[in-house]
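Protein chains: 2
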Amino acid sequence: MRRITVLSGGMGGARFLKGLLHGIREGTLPGVAGDAEVTVVANTADDIWVHGLKVCPDLDTVMYTLGDGIDPERGWGRRDESWSVKDELAAYGVEPTWFGLGDRDVATHLVRTQMLDAGYPLSQVTEALCRRWLSPRFGTALRLLPMTDDRVETHVAVRDPDLSRSPSGRRVVHFQEYWIKLRAAVPAEAVVVVGLDEATPGPGVIDAITDADLVVLPPSNPVVSVGTILGVPRVREAVTATAAPVVGLSPIIGGTHVRGMAEQLLTSIGVEVSAAGVGLHYGARSAGGVLDAWLVDSQDAGDLDRLHETGLAAAAVPLLMTDDAATAAMAGAAIRLVT
Amino acid sequence: MRRITVLSGGMGGARFLKGLLHGIREGTLPGVAGDAEVTVVANTADDIWVHGLKVCPDLDTVMYTLGDGIDPERGWGRRDESWSVKDELAAYGVEPTWFGLGDRDVATHLVRTQMLDAGYPLSQVTEALCRRWLSPRFGTALRLLPMTDDRVETHVAVRDPDLSRSPSGRRVVHFQEYWIKLRAAVPAEAVVVVGLDEATPGPGVIDAITDADLVVLPPSNPVVSVGTILGVPRVREAVTATAAPVVGLSPIIGGTHVRGMAEQLLTSIGVEVSAAGVGLHYGARSAGGVLDAWLVDSQDAGDLDRLHETGLAAAAVPLLMTDDAATAAMAGAAIRLVT
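If you read the sequences in order, they're chains A and B.
Numbering-wise, this note's numbering puts 321 at position 321 of the first sequence, and it's gapless, one number per residue.
One rule links them: number in this note's numbering = place in the second sequence (from 1) + 1000.
Treat the hints as calculated values from the structure; they're not laboratory data.
A virtual CB, placed ideally from N, CA and C, is assigned to each residue, including glycine.
Do not rely on the hints blindly, as some may be mistaken.
Claimed, not checked - What the simulated footprint calls covered on chain B by chain A, stretch by stretch (three residues with Cβ under 8 Å from a Cβ of chain A suffice, anywhere in the stretch; the number is not a length):
#: 1; segment: 1047 to 1057
#: 2; segment: 1108 to 1121
What the hints assert, rightly or not - DEER-style ranges, computed between Cβ atoms:
#: 3; chain 1: A; residue 1: Pro-72; chain 2: B; residue 2: Val-1094; range: 50 to 60 Å
#: 4; chain 1: A; residue 1: Pro-136; chain 2: B; residue 2: Ser-1082; range: 18 to 28 Å
#: 5; chain 1: A; residue 1: Leu-163; chain 2: B; residue 2: Ser-1082; range: 43 to 53 Å
Unchecked claim - Some chain A residues judged to face chain B by a derived CB distance under 8 Å, without partners named:
#: 6; residue: Ser-84
#: 7; residue: Val-85
#: 8; residue: Val-94
#: 9; residue: Val-106
#: 10; residue: Ala-107
#: 11; residue: Asp-117
Build the full structure now, drawing on both the sequences and the hints.
Rendered as structure tokens:
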């Protein structure tokens, strides 16, 4: 197989992609050509306008991670980052103060914002930014596509006991506020993705799924990352219809997420927080879902029977992305499930 | 006298203002009340949009200098500045790379740009920014007013021998490009202030001149700082008509500027580069000009006769702004000329 398309969120997706590309380079992926081309369809629903800047956390996390500009400890933002802009904005007393706007990172947002203001769609802006980060390293073997050029924003309805502020006992906040400011520590009652139903898939997105030899759902958040990508009109249909096998890797290990807030958000949409729960939520293509196969962690081997029953190919292997080789082995195991 | 209005550019004007405020605080200025109020009408014609940010060099230099945020060595931008944003923009290959956009400084421009985008006029934006820098220090004793809320931009026509780029042998560049990128080292043939004729004085500007007890032209650039302020429709008329005395201090000492590019620009508009030349360029109010008095440096004492002949009060004192006390002494000498 030569054309691999990955529907990715931020941190989990980016680490998976790094391992996948490592596996391609090292030739350790079964049946995958050495000149395989990877297309990343990235979530843009957690994008946010902050201090007049357009910030695309998932696009940037993928771009910085694969372009070797990421801070490896935090897993987001730039390596060797400084925070003068953020501190100074706080000194002016302007909100929000909780968003992690690093100085190096600001340059990316300035270039993006200025291009958007000049009328370029996000897909072309992303291509321009990737000319610095990805092209010198991967040439045409790696493309990063926003799921849509339209403005789509995930909001979360949270319980708010402060009735003076929220007479309904409920408040709707941007996903970033829920995640960063509230640390996903308040009960999430619903996820509302503003603009999703009216969005158009970004240029190349549908073709990348339709023409793929393999489609992968990496261990990204099933609700606010992969879920929103699949929610863009025509994307889910393209995944169910593609001739390529579709394989996913569970972001839930031993009943919880490794990093992030998938547990809270799965609960809010009524999905069982388990490897099987997420696999069944995506569902087998033979039963109207999007998956042919679902890879779970070794400690969730007990979930395999339930998955097999619904017509999914499934296996259990170690799923911790400790380094590129381990991640490439995960990718290899996923590919083996559908070949 | 209680109400002092100063028509200021950036560095020279800001240093003068710092000394003036020092003199008020120390009670060393003849006839000036301890609770005197200073209104600064600042040049905005060298403002520039850069990387999508609205930068107002003169407003910021005055604000940072008086608010103790300035870099004292450079005389512009923030103290303890870092340059990550600038370096990263250059790494993306976006122009201009020559503009000095410091990380701390960027926050000011982000706040300003976002407020302008939200529809606030520059005067209100400036007031908001000054709430951090000036209000805590000076209360209502100091106001900073942009000369206009309208977009006005100084451009310079420079000789360009590269005929492949400039078939006319001439090129028109933004003032900042002339000053920072070209270092004022190419012949300037004309100064064109785009938008000046259609500009409206900013809120409070005309009243600040009309109701003043003293109007001061500090040693700022006579062409691209004080010259553009006076060029805003109704401002020159207000200066010629005010009941307050108008006194200026020469930015030319011993036949050249102390810092900046006044010499080149005076030459380009056909004004003699001397203390007398600039004084006569402004002219005596009794003869249709804007000045009652003109203070020159001791080494330009030979210019006094020519100034007196045109009806100007004039004197020669040391004009180097080496520290606040020396600058306050200059201000005192200027005031003595008109009282």
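Hint-by-hint comparison with the structure:
no. : hint                                : verdict
1   : 1047 to 1057                        : holds (count 3)
2   : 1108 to 1121                        : holds (count 6)
3   : A:Pro-72 to B:Val-1094: 50 to 60 Å  : violated, 27 Å
4   : A:Pro-136 to B:Ser-1082: 18 to 28 Å : holds, 26 Å
5   : A:Leu-163 to B:Ser-1082: 43 to 53 Å : holds, 45 Å
6   : Ser-84                              : holds, 4 Å
7   : Val-85                              : holds, 5 Å
8   : Val-94                              : holds, 6 Å
9   : Val-106                             : holds, 5 Å
10  : Ala-107                             : holds, 3 Å
11  : Asp-117                             : holds, 6 Å
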